[in-house]
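Q: Here is what each chain is made of, one letter per residue.
Protein chains: 2
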Amino acid sequence: MTRPVWWESVVADVDSAARAGVLHTPSGDVETPAFMPVGTQATVKGLVPDLVAATGAKMLLANTYHLALRPGEDVIAELGGLHAVMSWNGPILTDSGGFQVVSLADRVKIDDRAAVFRSHLDGSLLELTPERAMSIQRKLDSDIAMCLDHCPMLPATDSEIARAVDRTIAWAKRCREAGGSDFQGVFGISQGGSNPELRKRCAEELTALDFEGYAVGGVSVGEDRDEVRTAVRLGAASLPADKVRYLMGVGRPEDLIDSVAQGIDIFDCVLPTRNGRNAHCLTSRGVVKLRNACYKVDRGPIEEGCPCLACVRFSRGAIRHFFLAGEMLGPILASLHNLTYIQRLLREMRDAILTGRFARFQAETLEALRPRRLD
Amino acid sequence: MTRPVWWESVVADVDSAARAGVLHTPSGDVETPAFMPVGTQATVKGLVPDLVAATGAKMLLANTYHLALRPGEDVIAELGGLHAVMSWNGPILTDSGGFQVVSLADRVKIDDRAAVFRSHLDGSLLELTPERAMSIQRKLDSDIAMCLDHCPMLPATDSEIARAVDRTIAWAKRCREAGGSDFQGVFGISQGGSNPELRKRCAEELTALDFEGYAVGGVSVGEDRDEVRTAVRLGAASLPADKVRYLMGVGRPEDLIDSVAQGIDIFDCVLPTRNGRNAHCLTSRGVVKLRNACYKVDRGPIEEGCPCLACVRFSRGAIRHFFLAGEMLGPILASLHNLTYIQRLLREMRDAILTGRFARFQAETLEALRPRRLD
Numbered sequence: 001m002t003r004p005v006w007w008e009s010v011v012a013d014v015d016s017a018a019r020a021g022v023l024h025t026p027s028g029d030v031e032t033p034a035f036m037p038v039g040t041q042a043t044v045k046g047l048v049p050d051l052v053a054a055t056g057a058k059m060l061l062a063n064t065y066h067l068a069l070r071p072g073e074d075v076i077a078e079l080g081g082l083h084a085v086m087s088w089n090g091p092i093l094t095d096s097g098g099f100q101v102v103s104l105a106d107r108v109k110i111d112d113r114a115a116v117f118r119s120h121l122d123g124s125l126l127e128l129t130p131e132r133a134m135s136i137q138r139k140l141d142s143d144i145a146m147c148l149d150h151c152p153m154l155p156a157t158d159s160e161i162a163r164a165v166d167r168t169i170a171w172a173k174r175c176r177e178a179g180g181s182d183f184q185g186v187f188g189i190s191q192g193g194s195n196p197e198l199r200k201r202c203a204e205e206l207t208a209l210d211f212e213g214y215a216v217g218g219v220s221v222g223e224d225r226d227e228v229r230t231a232v233r234l235g236a237a238s239l240p241a242d243k244v245r246y247l248m249g250v251g252r253p254e255d256l257i258d259s260v261a262q263g264i265d266i267f268d269c270v271l272p273t274r275n276g277r278n279a280h281c282l283t284s285r286g287v288v289k290l291r292n293a294c295y296k297v298d299r300g301p302i303e304e305g306c307p308c309l310a311c312v313r314f315s316r317g318a319i320r321h322f323f324l325a326g327e328m329l330g331p332i333l334a335s336l337h338n339l340t341y342i343q344r345l346l347r348e349m350r351d352a353i354l355t356g357r358f359a360r361f362q363a364e365t366l367e368a369l370r371p372r373r374l375d
Numbered sequence: 001m002t003r004p005v006w007w008e009s010v011v012a013d014v015d016s017a018a019r020a021g022v023l024h025t026p027s028g029d030v031e032t033p034a035f036m037p038v039g040t041q042a043t044v045k046g047l048v049p050d051l052v053a054a055t056g057a058k059m060l061l062a063n064t065y066h067l068a069l070r071p072g073e074d075v076i077a078e079l080g081g082l083h084a085v086m087s088w089n090g091p092i093l094t095d096s097g098g099f100q101v102v103s104l105a106d107r108v109k110i111d112d113r114a115a116v117f118r119s120h121l122d123g124s125l126l127e128l129t130p131e132r133a134m135s136i137q138r139k140l141d142s143d144i145a146m147c148l149d150h151c152p153m154l155p156a157t158d159s160e161i162a163r164a165v166d167r168t169i170a171w172a173k174r175c176r177e178a179g180g181s182d183f184q185g186v187f188g189i190s191q192g193g194s195n196p197e198l199r200k201r202c203a204e205e206l207t208a209l210d211f212e213g214y215a216v217g218g219v220s221v222g223e224d225r226d227e228v229r230t231a232v233r234l235g236a237a238s239l240p241a242d243k244v245r246y247l248m249g250v251g252r253p254e255d256l257i258d259s260v261a262q263g264i265d266i267f268d269c270v271l272p273t274r275n276g277r278n279a280h281c282l283t284s285r286g287v288v289k290l291r292n293a294c295y296k297v298d299r300g301p302i303e304e305g306c307p308c309l310a311c312v313r314f315s316r317g318a319i320r321h322f323f324l325a326g327e328m329l330g331p332i333l334a335s336l337h338n339l340t341y342i343q344r345l346l347r348e349m350r351d352a353i354l355t356g357r358f359a360r361f362q363a364e365t366l367e368a369l370r371p372r373r374l375d
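The listed protein sequences correspond, in order, to chains A and B.
Under the working numbering, read the first sequence as residues 1 to 375, first letter to last.
Under the working numbering, read the second sequence as residues 1 to 375, first letter to last.
Heads up, a few of these hints could be off.
Repeated chains share a single entry, so a pair holds when one copy, or any two copies, can fit it.
[Claimed, not checked] 30 angstroms max Cα-Cα, derived DSS-like pairs, lysine-lysine: (1) K289 to K139; (2) K139 to K296; (3) K243 to K296; (4) K109 to K243; (5) K243 to K289; (6) K243 to K173.
Just so you know, these hints were derived from the structure itself, not from any lab.
Computed from a prediction, not measured in an experiment: that's the story for all the values here.
So that you can see chain A by itself, here it is in the shape it has in the complex (with noise of 0.2 angstroms):
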C-alpha cells in the first residue's frame, strides 16, 4: 500500500518557481526545499548518525549500486534493512544504481534489457534490469526507491538524448510493474539534456505511470553551468507540480540556490563530504580552505555564528593540524560543518520562500558567495 500524498506543497512563491512543502515518508516527514547527506555505502563518511542527525538532516542517500556490490542487498536485508545498519529511524532514499554504473562500473554495454558491465570491485561480470534495480531497493528497503534509468554522459549528440529517453520510459514502465515493496514510494527520473521537446516527451511519459514523486536527472554530467540551469529549469517545469521534484547529484550553494527557484525540492550531493574530506569548508562568504598556511594559528572558528560541533569547540588551525598530521577528526569535523552549512542553507530558503522574501534572499546570499579578490 502506498500512501496516496507523498508529498504537500504549504507555500508557492510569487516572485519564481520555487516552493515551500512537506514530503510524507513511511518513516516521517521532511520539509522541503531538502537535502540529503550521502551514504554510499551505508554511512555517511566519518560521522555518527547522532552527529548527522546535529546538522538537522532529516533524509538520506544511499548507493544501490555500491550496497548491491558490497555487502550485497541479502546481507542488509539480513541485517534488517538500511534503516538498522545505517543506524538511522529518518527516511532513507536509494538510488536505481544506474548512474554508477555508467560513471563508475568497468565496461558497460546498456540495451534495451540492460546495462551489463563489470564491478569496480572485483572486476566479475554483472547486470542492472529495471526488475533487478527495484529488487535490489525493496530488499534495502529503503523509504524512496528509483526508477532505473538511462543518463547519458554529455556531450552527446540530440538523438543519443532521445534514445536514451526512449529507454529511460520504456524502463520506468518495467520498474512501475516491478514496483517497490508496500510501503516504498517509487520516483521516476526524467532525461532529456537540455532538450525542450525531449524534457517534455520524457515528463509527460512518466506523469502517466503517476509516480509518488519525480527526480530531473542527467544533470551535471559533463555539460556547462549555462547548459545545467537550462535543463533544471526545462525539467522542473515538465514535471508534474503537485508531485516532489528532485534534483539528482547538484550540492554546489549557488546551483541549489538557483535550482530551489526553478521549483526543485530535494536535492543529494557528496559535495560537502567530500569536500570537507580535502578541507574545503563552505562558509556563507565562500570555501575556506583550511590546509592554507594563513589559518596555522587562527583561533577563530571555520565560520562565524555557525552553530556546529567543529565551530563552536574547535578553531581554524586546530582543525588545520588535523588535516596535516593525517588525522580522522579533521575530516569529520569539516564534514560536520559543510553539511551544517548547506542544512542550514536549505532552512533558510524555506523560511524565505514561507514568508514572501525568497527572490531577495536569492539574490543577497548569491552576492554573497561571489568570489571576492580580498578575503
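Mind docking chain B on chain A? Use the hints.
A: Frame of chain A; chain B shown alone:
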C-alpha cells in the same frame, strides 16, 4: 604553584597492593585506577571529544614528540594550548617524548647531554634535552608533564640498564630544576628493567626529588610477560605509597588487572584504539575479530549489555561491512567500544577494591578472558 596533594588513597585492598584513590589535577579530579586514552597528535583517533567522554574517560594523554614535530609546541601555544586544540576540558597528561625518540625517530644518539635524532617525518636533525622536554610541555600546557627518561629497549645487559638508570636519575634532576608551569604537576619515571637493585636505586633517587607522581617506565619494550610482571611489581613496590603510580604504555586487559593488583593507579595505551582500527574488539570474554566471515549477517552487538553507541545502535554485521568497505565508521565504532570496555574494566576494578572484592574480581575476570577453544 603546584598543589600540595596530587593523589589521595581512598581504600587500600587487603589481599593485594591494589588501591582506590583520587588524582587531583588543575583540570579536575580523576578516580583511580584510571585509564587514559591516547591522543597522540592532539586527537583520540577518529573520535570527537564528546564520544571520548561518553566512554567514561576523564583524562587523556598526548605525545610531546609528535606535537613538537607537528604542528610544534609554539603553534599549540598560540592556539590556546592543548586543552583548546583538543577541545578537552578535563585533565591531560603529556609524555616527555623520550620513548618516541627511541622507538620512532631515525639515527638516535643519546649521551648524557641530550638525545639527538632525526625526525621520522622529514629527516630534520633535532635534539631532546631534559630542559627542552619540560619547555615543550610547559607550552603544550598539559596538567601533568613527564620527566625525560632514558628507556633502554630490551633485551639489554644489566650494565646497559644501569647506565640508563644513572642517566634517568641525572635527567630527572635537570627536569625538576627546569620545572613545569605554575600549575603543572611533574612526574618522575623509574627505570631499572626487572633488576630489583636497579629499580630500588632509581626509585629512591627519584623519590628524593619529591615529584607529584611517579611512573614505572621501561616496561613492555621487548621483554616477555613474566619479565613485564616482575618489572611492574618491583617498580610499583619501590615507589612511594602516598603518590600516584603510573604504568606507561600497558593496555592489555589482563595486564591492567594484574598491574592494579601490584599497586598501579593510572595507565595509558594505544591498544584500545589501535586494535579498534583493526576491527579487533575487546570484550569480557576475549577479542572479537569483526572481519571474520562468521559475523557477516550477525545482528547482535559487539558485546551484549555494553552501553556504548556501537553496541546499542549497530550490529556486528553492519560494523563488519563498514570495515570491509573501508569506511571510517568501522574504526570509529570499534574504537568507541574498546575504550568503553576498558573504562568499564577500570571502574569495576575500583568498585571491587572499594568493596573488598578485588581478589575475587581479578580471578573471575581473568578466567573469563582466558582463550577458549570453543566460542
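Q: Evaluate each hint against the coordinates.
A: Hint-by-hint comparison with the structure:
no., hint, verdict
1, K289 to K139, "between (41 angstroms within a copy, 27 angstroms between copies)"
2, K139 to K296, "between (48 angstroms within a copy, 16 angstroms between copies)"
3, K243 to K296, "neither (49 angstroms within a copy, 39 angstroms between copies)"
4, K109 to K243, "neither (33 angstroms within a copy, 73 angstroms between copies)"
5, K243 to K289, "neither (39 angstroms within a copy, 48 angstroms between copies)"
6, K243 to K173, "within (18 angstroms within a copy, 77 angstroms between copies)"
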